[in-house]
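2 protein chains.
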Amino acid sequence: MAKQLTSRKEDYSKWYNELVIKADLAEHSAVRGCMVIKPYGFAIWEKMKAQLDKRFKATGHQNAAFPLLIPKSFFAKEAKHVEGFALESAVVTHYRLKNQGDGNIVVDPDAKLEEELIIRPTSETIIWNTYKNWIQSYRDLPILINQWANVMRWEMRTRLFLRTAEFFWQEGHTAHATKEEAMEEAKLMQKEYADFMEGYIAVPVIRGTKSESERFAGAEETFTCEGLMQDGKALQMGTSHFLGQNFAKAFDVKFQTKEGTLEHVWATSWGVSTRMMGALVMAHSDDEGLILPPKLAPIHVGMVPIYKNEEQLNQIREKFQHIGAQLSNANITFKIDDDDAKRPGFKFAEFELKGIPVRLGLGPRDMENGTIEVARRDTKEKSSQPIENIATHIEGLLKEIQTSIYKKADDFRKANTTTVSSYDELKEVVDQGGFAVANWDGSTETEDKVKEETKATIRCIPNEGGEADGDCLVSGKAGKHKVLYAKAY
Amino acid sequence: MAKQLTSRKEDYSKWYNELVIKADLAEHSAVRGCMVIKPYGFAIWEKMKAQLDKRFKATGHQNAAFPLLIPKSFFAKEAKHVEGFALESAVVTHYRLKNQGDGNIVVDPDAKLEEELIIRPTSETIIWNTYKNWIQSYRDLPILINQWANVMRWEMRTRLFLRTAEFFWQEGHTAHATKEEAMEEAKLMQKEYADFMEGYIAVPVIRGTKSESERFAGAEETFTCEGLMQDGKALQMGTSHFLGQNFAKAFDVKFQTKEGTLEHVWATSWGVSTRMMGALVMAHSDDEGLILPPKLAPIHVGMVPIYKNEEQLNQIREKFQHIGAQLSNANITFKIDDDDAKRPGFKFAEFELKGIPVRLGLGPRDMENGTIEVARRDTKEKSSQPIENIATHIEGLLKEIQTSIYKKADDFRKANTTTVSSYDELKEVVDQGGFAVANWDGSTETEDKVKEETKATIRCIPNEGGEADGDCLVSGKAGKHKVLYAKAY
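Protein chains in written order, with my numbering: chain A, 90 to 578; chain B, 90 to 578.
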């Protein structure tokens, strides 16, 4: 079990794919690019969802559900939007199958739709078409709605969680009476996302805005949360968009102001997806398996009995159940692995692969001494602890692990963020992996040139420290912003 | 506000449609047959989901996610299954749009899929294709998985919640080593469903099995929960299926038994959907609006201040906030409507329309007397109560309302369940509305004849009292089961 994974050093990408599958998070399905999220992976996703959902509701949002399918003509209404999504649209053209008579099941040519329907890649168009009927006056605003949904983007090169044809996400869609209020909303959701990513996924994120060419198709400003993975590549973990009046204009959504005038409504949209599962895996895990922050771990404590005979096993099992009851009282989840067919070493490796934050080992000698072996998954430190009040010890330890995992990722991010002073240095940094901080002239030409020559993109103009303090390293022109360049997923 | 709804007596069907829309539960979308579930409706659905999810987990099930799309060939593998769903399948044939150059967006003919994909109408086929890789030995069993998902059945005549092209549901899919275990599982989930429906939706349900012709396409036995709506029509509220080895055979899923032999796996599947929202509305509500059982009501208490001036309003609002704090402590949700632009009568009607179980009215005279007016939505009873400890009173009242709503529905069901002694009487009963209990010879011929002549179907062979005690009323042949006939949604 222990040596099953390709090491990160050997092949980071292969390590990731193997880990996602072997740790029972997800697997490829029979449908190209679509994944099956297995129960263990889904339990982590459910924890993410629960926490995010709580934050959305605490900030005044309500959940709703909009159709999976979108009429083709809706897409065409916002020019940039259709351009952004046309090439990856799954299209429904028929609504019936039939038996040819010979047992062959074929699409019934008589059941062709008058207008083709697209499986939503995102829902701005169908939602703004709906909001048109909901909004007449300033009294109807703001509308603060979120939906948890599956979406489909027909990607040609897919990777589990990071880029799949079907993926799971939430999409917030809000409508406001003023530009300022919409802008505040978009920024607020960036903050909620970032706080969640740092506090729960334990990944520090750079909060910033996207350059024009990296914006969401139809947005006037895109706020992003950028994480750094262990291979030095950046990962966009979530975005929040200020959409201006673009969708309100495309769908003719106007409201009567307090003053009696008619104006177009201001909009935002924001989303995070199962992609965060990929970030979770890539930011923390090691060659032995997952390392899960306790706040998202489905099982906090794995217990392994060390015994030579049935009598010992029974005594140890009883002790574990006693500890388990104490843990449950503190909302700590556990699993006792008393499968007689597996050796302790095998069980250790299995718990490591699954990223269970704390492992307890208990044998007859420990029982005599009133001690228990406590092993941390993240640092692999082991210690012998008094068995009395062990639940309290574990409670503290889980908090420490959560903090420690974040700190490690934060140290890594800091060590791999370099302010560069020449284009050559920029190339070197992004090639080795990490963020290169540099002044940028603000032009798409420069951005494209860097992308072509280094494969790095501008990840964002950071909210803090984004002011230029010198000339653009690439063009030599006056700097407009100080930005972060990196290769990215 | 109060007189906005068509009455049930005038046009039950119209009343239902109007109520669903006016109470802000759901509305039709721009996509034929697909609905938008609005925040108020979705909040009820979320409460249903939370309670069901808890029950699934308590009985050992885990959530997972399987693909939205299913290869066409998978359907063809189980003959009855494809027959059951072929006529209502939404088919994805292309994966790209393109701009014709003139701004017209068309389906790109070069992006035709080699094999068409069906939007899942249910997931047995894709899931059993997956289980094939998960199951080798008896040690891999049972598999107890559920998914919360959207599904698509291209219905020609749709009604909000009751029958929509896209709907939301959960589908459990379990795999077992023995027939007995699978059968037990299917029965257990019927029990969980029925307990939830009675305990939360407050609708009494008949627990029974379906006749062969009414079974799920691919099932060997279908267990059902049948509710009775106020118009005397039955509604199938949830089903649980014993699938035998049909899907294991279709997808070649075998396991090694403890004894070392190879056998096909036994299966169940079970689902409840947003259709339950329709049952909730139709079973309890009246001509003034929704009547919601407190356990599913998003807002338990609506508060309306009665005042003549700003000073009075401030005093009353303060009192309401004080009461609200006490209610929150007891997990009771509330809304204070202090909108100065609306009159109290309008607010009363609005709370009635939304089915808020308890309404509080408070005016200056009440304040002086230390009393408050408490109105029940279900019975419309009003009483003046001491304002002190009002939260405790409301807590008890909400429990009473939950029980009372159930009892009313149960009395209605009993009053509309008639054991009939002739075919003529059967016709009369189902025509007036309600369940007709009668002996049945067990033949599809008789079933079809009754269906053709009366539009009633056999809703189920009830778990209790399903033994025949005489000849079939229709054919005169020996009775095989005692069944419930009714017209149904």
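Bear in mind the hints are in silico, worked out from the structure with no lab data behind them. None of the values given here were measured: they were computed from a predicted structure. Careful: at least some of the hints might be erroneous.
Quick list of simulated restraints, FRET-style, between CB atoms [unchecked claim]: (1) B:203 with A:420: 48 to 58 Å; (2) A:567 with B:430: 29 to 39 Å; (3) A:267 with B:149: 28 to 38 Å; (4) B:338 with A:199: 24 to 34 Å; (5) B:149 with A:345: 52 to 62 Å.
Here are the simulated lysine-lysine pairs, BS3-like style, with alpha carbons at most 30 Å apart [to be verified]: (6) B:146 with A:338; (7) A:322 with A:166; (8) A:496 with A:538; (9) B:136 with A:138; (10) A:221 with B:221; (11) B:187 with A:384; (12) A:146 with B:408; (13) B:571 with B:280; (14) A:187 with B:169; (15) B:221 with A:146; (16) B:424 with A:276; (17) A:136 with A:169; (18) B:276 with B:496; (19) B:471 with A:143; (20) A:136 with A:469; (21) B:143 with A:187; (22) B:503 with B:138; (23) A:431 with A:384; (24) B:221 with B:169; (25) A:201 with B:187; (26) A:424 with B:138; (27) A:187 with B:538.
Stretch-level coverage of chain A by chain B, calculated; a stretch enters the list once three of its residues show a Cβ under 8 Å from a Cβ in chain B [unchecked claim]: (28) 163-175; (29) 198-209; (30) 302-308; (31) 454-463.
Beta carbons: idealized from backbone N, C-alpha and C, even for Gly.
Now the hints, each set against the structure:
For the pair residue 203 of chain B and residue 420 of chain A, the beta carbons lie near 50 Å from each other, so the given range of 48 to 58 Å is met. Between residue 567 of chain A and residue 430 of chain B, the C-beta spacing of about 54 Å breaks the proposed range 29 to 39 Å. Between residue 267 of chain A and residue 149 of chain B the beta carbons are some 51 Å apart, a value that contradicts the proposed interval 28 to 38 Å. One distance hint, 24 to 34 Å for the beta-carbon pair residue 338 of chain B and residue 199 of chain A, holds here, with the actual separation near 32 Å.
A C-beta distance of roughly 55 Å is found between residue 149 of chain B and residue 345 of chain A, which places it inside the suggested range of 52 to 62 Å. For a cut-off of 30 Å, the pair hint linking residue 146 of chain B to residue 338 of chain A is broken: about 46 Å separates their Cα positions. Between residue 322 of chain A and residue 166 of chain A, the direct Cα distance comes to roughly 36 Å. Violation of the 30 Å bound is thereby established for this hinted pair. For the proposed pair residue 496 of chain A and residue 538 of chain A, the alpha carbon gap of about 35 Å is over 30 Å, so the pair is violated.
For the hint pairing residue 136 of chain B with residue 138 of chain A, the CA-to-CA distance comes to about 16 Å; that is within 30 Å, so the pair holds. For the suggested pair residue 221 of chain A and residue 221 of chain B, the alpha carbons sit about 47 Å apart, so the restraint of at most 30 Å is broken. This hinted pair does not check out: residue 187 of chain B and residue 384 of chain A have alpha carbons roughly 45 Å apart, beyond 30 Å. Between residue 146 of chain A and residue 408 of chain B the alpha-carbon distance is near 26 Å, which keeps this suggested pair within the 30 Å criterion.
Taken as a hint, the residue 571 of chain B and residue 280 of chain B pair is honoured in the structure, with Cα atoms around 21 Å apart against an allowance of 30 Å. The hinted pair formed by residue 187 of chain A and residue 169 of chain B meets the criterion: a straight-line CA distance of about 13 Å does not exceed 30 Å. As the CA atoms of residue 221 of chain B and residue 146 of chain A are separated by approximately 40 Å, the hinted pair breaks the 30 Å bound. A hinted pair counts as satisfied when its Cα atoms are at most 30 Å apart, and residue 424 of chain B with residue 276 of chain A qualifies at roughly 29 Å.
At roughly 35 Å between alpha-carbon atoms, residue 136 of chain A and residue 169 of chain A are farther apart than 30 Å, so this suggested pair is violated. Using a Cα cut-off of 30 Å, the hinted pair residue 276 of chain B and residue 496 of chain B holds, with the two alpha carbons roughly 25 Å apart. Restraint check for residue 471 of chain B and residue 143 of chain A: not satisfied, since their Cα atoms lie roughly 36 Å apart, outside the 30 Å limit. Between the alpha carbons of residue 136 of chain A and residue 469 of chain A the distance comes to roughly 25 Å, so the proposed pair stays at or under 30 Å and holds.
At roughly 40 Å between alpha-carbon atoms, residue 143 of chain B and residue 187 of chain A are farther apart than 30 Å, so this suggested pair is violated. Note on residue 503 of chain B and residue 138 of chain B: the hinted pairing holds, with a Cα-Cα distance of about 29 Å set against a maximum of 30 Å. Restraint check for residue 431 of chain A and residue 384 of chain A: the C-alpha separation of about 29 Å stays at or below 30 Å, so the hint holds. A distance of roughly 20 Å separates the Cα atoms of residue 221 of chain B and residue 169 of chain B; the hinted pair therefore holds under the 30 Å criterion.
Pair hint residue 201 of chain A plus residue 187 of chain B holds up; C-alpha atoms about 19 Å apart against a cutoff of 30 Å. With a C-alpha separation of about 26 Å, the suggested pairing of residue 424 of chain A with residue 138 of chain B holds against the 30 Å cut-off. Straight-line distance between C-alpha atoms of residue 187 of chain A and residue 538 of chain B comes to about 27 Å, which keeps the hinted pair within the 30 Å bound. Counting residues of the stretch 163-175 of chain A whose CB lies closer than 8 Å to any CB of chain B gives 6, so the stated coverage by that chain holds, three being the minimum.
Using a Cβ-Cβ cut-off of 8 Å, 4 residues of the stretch 198-209 of chain A lie near chain B, which meets the minimum of three, so the contact claim holds. With 0 residues having a Cβ less than 8 Å from any Cβ of chain B, the stretch 302-308 of chain A misses the three-residue criterion, and the hint is violated. Check result for the stretch 454-463 of chain A against chain B: violated, 0 residues qualifying (beta carbon to beta carbon below 8 Å, three or more required).
Of the numbered hints listed earlier, those contradicted by the structure are 2, 3, 6, 7, 8, 10, 11, 15, 17, 19, 21, 30 and 31.
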